[in-house]
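From first to last, the protein sequence lines stand for chains A, B and C.
Counted from 1, the first sequence has number 237 at position 237 by our numbering; the numbering is strictly sequential.
Counted from 1, the second sequence has number 341 at position 341 by our numbering; the numbering is strictly sequential.
Counted from 1, the third sequence has number 32 at position 32 by our numbering; the numbering is strictly sequential.
A portion of the hints provided could be inaccurate.
Note that identical chains are pooled: a pair holds if it fits in a single copy or bridges any two copies.
Unchecked claim - Mimicking SDA-like on lysine to any residue, the simulated pairs with C-alpha atoms at most 20 Å apart in a straight line are:
#1 111 <-> 125
#2 70 <-> 343
#3 341 <-> 297
#4 347 <-> 335
#5 70 <-> 83
#6 70 <-> 209
#7 80 <-> 61
#8 29 <-> 317
#9 111 <-> 19
#10 329 <-> 38
In case anyone wonders, no lab produced these hints; they're calculated from the structure.
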Amino acid sequence: MLSELSGRQSALGRFSFFMKLTVAQLAEKIGAELSGGRDVGISAVEAVDAAGDSDITFVTDDKHRAALEKSGAGAVLVAKRIEGLRIPQLVVENVDAALIEVLSIFAPRLKAPAVGIAPSATVGKNVKIADGVSVGPGAVIDDGARIGDYTVIGSGCKIGHNVNIGKHCRIHHNVVVYHNCDIGNNVIIAANTVIGSMGFGYVLIDGWHKLIPHNGGVVIEDFVEIGANCCVDRAKFGNTIIGEGTKIDNLVQIAHNVVIGKCCLIAGQVGIAGSSKLGDGVVLAGQVGIMDNIEIGSGTVVGAQAGVVHNAGSGQQLVGSPAIDSREKLRLIALQRRLPKFVEQIKQLTARVDKLEAAKDDIK
Amino acid sequence: MLSELSGRQSALGRFSFFMKLTVAQLAEKIGAELSGGRDVGISAVEAVDAAGDSDITFVTDDKHRAALEKSGAGAVLVAKRIEGLRIPQLVVENVDAALIEVLSIFAPRLKAPAVGIAPSATVGKNVKIADGVSVGPGAVIDDGARIGDYTVIGSGCKIGHNVNIGKHCRIHHNVVVYHNCDIGNNVIIAANTVIGSMGFGYVLIDGWHKLIPHNGGVVIEDFVEIGANCCVDRAKFGNTIIGEGTKIDNLVQIAHNVVIGKCCLIAGQVGIAGSSKLGDGVVLAGQVGIMDNIEIGSGTVVGAQAGVVHNAGSGQQLVGSPAIDSREKLRLIALQRRLPKFVEQIKQLTARVDKLEAAKDDIK
Amino acid sequence: MLSELSGRQSALGRFSFFMKLTVAQLAEKIGAELSGGRDVGISAVEAVDAAGDSDITFVTDDKHRAALEKSGAGAVLVAKRIEGLRIPQLVVENVDAALIEVLSIFAPRLKAPAVGIAPSATVGKNVKIADGVSVGPGAVIDDGARIGDYTVIGSGCKIGHNVNIGKHCRIHHNVVVYHNCDIGNNVIIAANTVIGSMGFGYVLIDGWHKLIPHNGGVVIEDFVEIGANCCVDRAKFGNTIIGEGTKIDNLVQIAHNVVIGKCCLIAGQVGIAGSSKLGDGVVLAGQVGIMDNIEIGSGTVVGAQAGVVHNAGSGQQLVGSPAIDSREKLRLIALQRRLPKFVEQIKQLTARVDKLEAAKDDIK
């Protein structure tokens, strides 16, 4: 199996161009102190247990350090030189930051998207397309849209009326942005995501659910990154807002009029219901649900699958559905685990009281 | 930040055409009784805390009435005249219904989709396209499909063989409808939703999962509205059915052979497994899961993140996973919260019984 | 209502070609032993309670056998001849396997996708397209991609640089496959699914979340089937791997570096976080969440909505969030249900001890 996979990968290799550097060259590029041999050739990054002799790996804690002894890696990124290691070590201040640099160096080189508008794209009236923009095949850009410098609009994207997209954005294939949405600079939106569709707001009139018109828009601030197959609904009025630097994983639902602060992390399959507000730096783990009209303070972390139904302050740790403080939850789980013991204790107490009562009767 | 956002919005405003009316004109249009000045100009609807002097806002309960005193709104929709308010009041019987009217009046005016078939669309044989239909760029309509009067097929949509779509539908961009599905009149399907893909039905034969062919279809009745990035699977035989007037939010999964009644509300990220049946007016809150082959009676409401694993009658309120009656759940949660008290009580009882036993021994 | 639906279906029937066979012909085709009349005409498969006189139905257990007495079906597939049944019986060894055969025989006959590259498709340089391949309208195939014999690439698909797709695959409409992904033979991917987008891996540097470049790819082995609107993220390094014969439902999230074994079943809306590993034959029910870096042994079954936060061995049955052994969970649920009884028992014990203490005081 593994040999088959590597066969396939090397087949791919025939078409791709991969960078190859000596460890000495690599150390110089990333400003690392080199310890050990200088001439080992490196062409990729790999996990410590999968790395081969032309891969560089990395260790961030002692757990991996042990695995490193058995690793076939050609070199390693470390924060502190490890005594007695036979492979070259690139010592850096911040392994995570260095890893990003090294991964960027060895990233597969792909042909850049062609600048200009593909012949099969459809562009409306009063559209303003800045310098260096790429619009892919089959994309549709409606009247009044504006696309900033060096932004890439993938093939099959639909950009609605009066949408404003900033500079250096990457809007991947088949993304749909409805009318009047506003996307900042350096934003990435992955494939098949939908921005600005109607919110789910209905009023029951004469036994029928009537859709509330959603006149508002969506504002996505600078450096926001949104995964694939997500939905960000437009506001009833005002805007649904995703704050600067916030990152959103795949299959996430952001309902109408939600306001998300700066630098939040929102994991896969999270759902945030209408008009809820998140502060800055909030972290929502996978499959979390936030009820409508909830406020969550800055820095609060919500555990996977939790369901938040009450407002939460800053710096909280919430888990469970309905979500409560994580320490309280742990206590409750521990108590539940002790339920069988309680049963036993009650039984024993009952027996002892039975006996005491019998003894009392004897005394009488 | 806020000033930057409004800057962006006003930039958008340059391209959009927005309606502007005096409160007197607006009151006449929606049949409201006007109390206060007649000449204030209104061009949008806003929430009470965000409204400016050219916005109309609305209050539905006393909570917002307090906020209204501090609001910068130019006018307000109310159900009953509020004494001593300085801004004009439009008094209506049903604030929700009036709000929908007012939002429709101030909805951004967008260019209607062009009637006709875009040159880049692909249309098969024996396709019947009625009057006033719009087929967007890059759409593909397979042999034998029929599209009713004034329906809009967005760009990038794929409409499969023999699909029947009724009148006045809006099928948004990149929606995929597989073969032999049947969509009624006045149906809205938001972007990137998939209707009629194979259900997830496998049989284990000789150690391999073999797909059960799904010969059935999907029937979506009149006035159904489906959000973005949803999946409605086709039936093994017969049809997966979504009843008249039912509304479905984003990222919802409707499995093969599910039958949903009329006027249900199904919130974001709900999943309904194969062959389950919902009555009329059922409400499923966000992230609810319904097991396969379950029946849920009309008017039953299921709380967010609940998991329904047993049939449920009509008019129930279910919460939790596994879902139980909401009152029973509240009782259980209250009891769980009292667990630490139980521990204490058992401890005290034990001490008291210890003492009694010791005393008994003394007596002996 | 029902009459209207069947009206719609018969309208569809005008355009479709449906197979019609006598039960004798059908029995011969599938190698069944026929009991009862030979000449009944069959044109479709239906559930026992919905079948009409030109439908064949099937029974797999005694529950349906009762319903069969009341069924209007024209014939029935059975594993063992039922005495005294008035309709023809096709007796087969394996009803499930025979059902698949019969469904295939009566599947709606659709025009096969046209072999060749649609004029509106865009094909890059060094692309290798094998014999019998169909590339739909508006599809985009980037440089260096290779498509194997008789594979169908749906309209609106985007196939990235250097992607390798095997033989006899069906990549449905609007699927996006990012660069350097590797798809085996006989793979099916349903509409709007995204393969190979960036994983959700960030490092906090100077207060900003920096994306970790994802240099790895995705490997999808032979006979894998993936539903609609799914996301399979590419690896940081190495590959995200989906093992041979594994089947995945709709709206599923497979994060970066996840490794899934052979012949697993993954139901709708499941989320598997980064670097987790599943053995062979693992079953995840709907809306399950798997934490990152978790290992789950072969044959383990995880119940709907469970959240797995610890490694699990082979052949386990896990339920709940956090997930525990299903028997332990059942015990805990039973104990929780007895909490009201505990309250009562503690109350009674307290009263009895009160009395004993009072009596003791009397004695003194």
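Verification of the hints:
1. 111 <-> 125: between (30 Å within a copy, 11 Å between copies)
2. 70 <-> 343: Classified as neither: same-chain Cα gap 50 Å, cross-chain 50 Å, threshold 20 Å.
3. 341 <-> 297: neither (39 Å within a copy, 31 Å between copies)
4. 347 <-> 335: both (18 Å within a copy, 14 Å between copies)
5. 70 <-> 83: Within one copy only: 15 Å inside a chain, 68 Å across chains, cut-off 20 Å.
6. 70 <-> 209: neither (64 Å within a copy, 32 Å between copies)
7. 80 <-> 61: Close inside one copy (10 Å), not across copies (63 Å); limit 20 Å.
8. 29 <-> 317: Close neither inside one copy (40 Å) nor across copies (51 Å); limit 20 Å.
9. 111 <-> 19: Intra 15 Å, inter 47 Å, cutoff 20 Å: intra-copy only.
10. 329 <-> 38: This pair counts as neither: shortest intra-copy Cα distance 53 Å, inter-copy 57 Å.
Of the numbered hints listed earlier, those contradicted by the structure are 2, 3, 6, 8, 10.
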